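**Student:** As you go down the protein sequences, you meet chains A and B in turn.
Counting from 1 along the first sequence, just add 1 to a position and that's the residue number in our numbering.
Counting from 1 along the second sequence, just add 12 to a position and that's the residue number in our numbering.
Treat the hints with care, since some could be wrong.
[Said to hold, decoys possible] Chain B side only, calculated, beta carbon under 10 Å to chain A, not exhaustive:
#1 His32
#2 Gln33
#3 Phe36
#4 Leu52
#5 Leu59
#6 Phe60
#7 Phe61
#8 Met66
#9 Ala67
#10 Met90
#11 Gly91
#12 Tyr156
#13 Gly164
#14 Glu167
#15 Leu168
#16 Phe170
None of these hints come from the bench; they were simulated from the model.
All figures in this text were calculated on a predicted structure; none of them were measured in a lab.
C-beta: ideal position from N, C-alpha, C; glycine also.
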Amino acid sequence: MSATTIDHSPSHAAGEHGHHDNYLVAKKGISSWIWTVDHKRLGIMYLAAVILFFIVGGLAAIAVRTELMNPTKDIMDADAYNRMFTLHGAVMVFLVIIPSIPASLGNFVLPLMLGAKDVAFPKLNLASFWVYVLGAAFFIATLVTGGVDTGWTFYTPYSIKTSSSATIALLGAFILGFSSIFTGINFLVTIHKMRAPGLTWDRLPLFVWALYATALMQVLATPVLAITLGLLVLERTIHIGIFDPVYGGDPVLFQHFFWFYSHPAVYIMIVPGFGMISELITVHSRKGIFGYKPIAISSVAIAFIGFLVWGHHLFVSSQSALAGSIFSFLTFAVAVPTAIKVFSWIATLYKGSIQYTTPMVYALSFLFLFSIGGLTGLFLGSLSVDVHLTDTYFVIAHFHYVMMGGTIIAFIGGVHHWWHKFTGKNYNEKIGVIAAIIIFVGFNVTFFTQFIFGSQGMPRRYWSYLEQYHTGHMISTYGSYLLAVGLFLALFNLLASLRNKGVAPERWRGVSLEWETATPPIEHNFESIPVVTAGPYDFPEVRAARTGNGH
Amino acid sequence: MSSATNAHDDAHGQAHHKFHQHHFLTMAQQASSAKFGMWLFLGQEVLFFSGLFMAYFVFRALYPETWLHSAEYLSKTMGGINTVVLLYSSLTMALAVRSAQLSDKKGLIINLIQTIVCAFIFMVVKYFEYSAKFDHGFLPGALYHGHEFIPGRPELFFTVYFTMTGLHGIHVVAGIGVLFWILKRAIRGDFDSTYYIPVENVGLYWHLVDLVWIFLFPLLYLVR
Ligand code: HEM
Ligand SMILES: [Cu+2]
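Taking the hints into account, I'd like the entire structure generated from these sequences.
**Tutor:** Next up, the structure:
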C-alpha cells in the first residue's frame, strides 16, 4: 500500500524520533494494563483471554471425547456429560470464536491498517473488554453452581424447566452480547471515519472489509439475541409464559429468535476468518489478490443474505413446508458469495511464489477444511436430506469443519502471521509448520469420522450409543488427542519465542500500513500520518511483474 | 503525546479545543464519529426492541380476541397523557440542541430541565398505571390472577404489555440519567457552538425513546 508519509510535526525534531517507546513498555505497571485504552494492549489482552478460554473449552472437549470412547461409562455419568458438552459449546462459541479474530487480532491491527492512532472510541473499547470479562465470569460461575445442561442453544421448553444454573449462563451470554455490540459499533465508526489520507474504500486491505461486514452483523443481530435471552431469563424466574405453552406461549418462537441471531452469528464467526485468509494467501505467495472487489463485496453480501436463512435450523420444528422450501433455497444462495471467495483465493495462489511458512500452511489447511465444511452445509440445506441428517453427528462435523477448520485455523494462522509485529519475536518456523500439520491431521481424524457415523444415524448429544458406532467414536477420540498435541505444540512454540532477547529480524512483510510502523509499534502507532498511494497488495514483486510485462 | 496532537492542529490551522481527543485529527472528525456511533447505537436499539414487537404480532395473530378485550383494561387517558408529555419533551430536547448550537447557555439549561421534568411525569404516570394493573391482578404469565373475563390468553397480553412498556421505561430512566449528566455539563459551561455533540447525541437517544412510545401507544392501548 505504502509509500509516502507526511510529517506534520515541526516539533518532531530529528533527534526526538528515537525516543518513542513501543506500546509494551511505554507505560509500566499492572494498572497501566488494566485501564489501558490502547487498542494494541487491548488486542493483546483479548488474545490472552481467548487463548485461556480456548484451553478451558478444549479440555471440556477432551473430556467429552474421552467419555465417548466406549458406549458405557468411561469417566462421567450422563448428567455430567450433558453439562460438559454444554460448557464446551458455550465457551467455544461465546468466549472464543466470536471475539477471536475481531476483538484480538482486529483490535490490534485495524487502526494500524487504517493509519489511525486508535479506534474511534478507545474508552468504549476498554469497556467492551471488561464487559467481556464480566460475562465470562458468569460462565465460570455456572461451573461452581452445578453447570448447565441445555446445550449452547438453550432450546425451550427444556431450558425453562431445567434446574441447573441456566439463568446465570443466560445472563452471561446476555452480557457478552453487549461486549460484541460495542466492538462492532467501534469498528464501523473507525473504518468509516479514521482512514488515513489516500486510503480509499478500494484500497482497504480485505481484512478490513471482513471486519466491516462482521461489525455490521454484530450490531444488527446481537441485540436480538440479547432480548431473547432476557425473555428466557424472565421465563425462568417469573414465568412470563412467552415461550411456555402452559400459558399459551410458543417454544418454537424461541428457536426463531435464537437463529435469527445465531445464523448471522455463524457469519460473525467465519467472515473475519475469510479476511484473515486473504491476508495470509497474498503476503505468503507474493501475489496481488485475485478479484479484490468480488471478495470485498461478497463479505457484505454474506452479511445481508445471512439474515434471511435462519429457518434452515428449523426444518423439522413444525415449520410449514413452504417456509422450509424458501429457507432451503435461500440457504443455497448464501453459498454463492462464499464460493466466490474460495475460488478467488485459489486463483490468487495460481502462479504465485508460494512460501510454505507456518501462516501459509494454516491458510492452505483452511482452504481444504472450509471447503468441506461449506459443501456439507449444502447437504444440510437441502430440505429432504436434512430430515435424515439433522441432529446427527453429521451436523457436528459440518460446523466443526467451518468453525474450527475455518475460523480457528485462520485465527491461529493470523497469530503466527503477526506474532512478530505484536511481540518483536520470531518463533521456530520448523516447529510451527510441524504443529500446523499435526493439527490438520488430528482435526481430520477427529471430525471426518463423524461425517461417516453421523450419516449412518449416530445422534448428537447422546452419552451412549449402539455398538455399530464404537469404532468410529474410538478413532474420533484418538484424533482429538492428536489435535490437542498439535495445538499445545503451537502454543508452546509461540510462548517459547518470548524468552528471546531484543527484536528479531522480520521474516516477511506485506505492504498494507500495519507493516509500515515500528515493530513492536510505538504507543501512538505512527511517527507521522501515512499517506496511501497504492493498493494493499501491490507488492514489489507484483509491480516488477507488471512493468516487466509492459516492455 | 500532546506535541503530536498540537502538531496536527497546526497543520489544519486550528487551535487546540478543550474537548479535542488526541486520536482524532480534527474536531470535525471527532464530531462526525460520535454522531455516526450514536446512529449505530440507535440501530442496535431498534433491533433490541424488534424481538418484542415480533412477539406482539405473533401473539396478536394467535389470540386476536384476547388483544381486543385486554386492551380495554389499559387506561387510554393515562396513555394519552404520557404520549403528549413525551412529545412535548421531544420538542424541548430539540430546542435544547438548538440552544447549544447558538451558544445560548440559559436556553439550553431551561430546555434540559423541562425535558427532565417531562421524563419524571412520564414515570409517575407509569407508576400509577402499573399499580392499577397490579391491583387487578393483570400481571404477566404465571402471575396473572385477574377476575374479569377476558377470552383467550390475557396473561400473554400482559406479558407483552409489561415487557414492552417495561423495557421502554428502563430506557426512560436511563434517559433521565444521561440528561442529568448533560445538564451538569451545561451548567459548567462545556457546550457552545464549537462543541455540542454530546447534547445532540443525547437528543437523538431521547427522540428514539419517544418514537418507540409512539408505536407502543396505539399498538397496546388503541386496539379497538
Ligand atoms: C456454505 C455455507 C453454509 C451452509 C449452507 C450451512 C448450512 C447449515 C444447515 C442447513 C444447518 C442445520 C443443520 C441441522 O441442524 O439440521 C447448519 C448447522 C450449523 N452450521 Fe452451517 N452452514 C454453512 C456455513 C456455516 C458456517 C460458516 C458456520 C460457522 C462458522 C456454520 C455453523 C453451523 C452450526 C454451529 C450449526 C449447528 C448449530 C446447532 O444446531 O448447534 N455453518 N448449517
Ligand atoms: Cu445456519
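**Student:** Are the hints correct? Go through all of them and say.
**Tutor:** Hint check results:
The closest approach between the C-beta of histidine 32 of chain B and any C-beta of chain A is roughly 13 Å, which is over the 10 Å cut-off, so the hint fails. With 10 Å as the threshold, the beta carbon of glutamine 33 of chain B comes within range of chain A, its nearest partner Cβ sitting at about 8 Å, so the hint holds. Given hint, phenylalanine 36 of chain B at the interface with chain A, holds; its Cβ is 8 Å from that chain's nearest Cβ, closer than 10 Å. Restraint check, leucine 52 of chain B versus chain A: the minimum CB separation of about 5 Å is within 10 Å; hint holds.
Because the closest C-beta pair between leucine 59 of chain B and chain A is about 4 Å apart, less than 10 Å, the hint holds. A hinted interface residue such as phenylalanine 60 of chain B counts as satisfied when its beta carbon comes closer than 10 Å to some beta carbon of chain A; here the least separation is about 4 Å, so the hint holds. A distance limit of 10 Å between C-beta atoms decides the matter here; for phenylalanine 61 of chain B the minimum to chain A is near 8 Å, and the interface restraint holds. Given the 10 Å rule on beta carbons, the hint for methionine 66 of chain B holds: about 8 Å separates it from the nearest Cβ of chain A.
A distance limit of 10 Å between C-beta atoms decides the matter here; for alanine 67 of chain B the minimum to chain A is near 6 Å, and the interface restraint holds. For the restraint placing methionine 90 of chain B at the interface with chain A, the shortest Cβ-Cβ distance is roughly 23 Å, beyond the 10 Å limit, so the hint is violated. Hint status for glycine 91 of chain B relative to chain A: violated, with the closest Cβ pair at about 21 Å, above 10 Å. Among the interface hints, the one on tyrosine 156 of chain B holds; its C-beta lies about 8 Å from the nearest C-beta in chain A, closer than the 10 Å criterion.
Checking glycine 164 of chain B against chain A by beta carbon gives a least distance of about 7 Å; that is within 10 Å, so the hint holds. About 5 Å separates the beta-carbon of glutamate 167 of chain B from the nearest beta-carbon of chain A, less than 10 Å, and the hint is met. Because the smallest distance between the Cβ of leucine 168 of chain B and any Cβ of chain A comes to about 5 Å, under 10 Å, the interface hint for this residue holds. Checking phenylalanine 170 of chain B against chain A by beta carbon gives a least distance of about 9 Å; that is within 10 Å, so the hint holds.
Going through the hint list in order, the structure does not satisfy hints 1, 10, 11.
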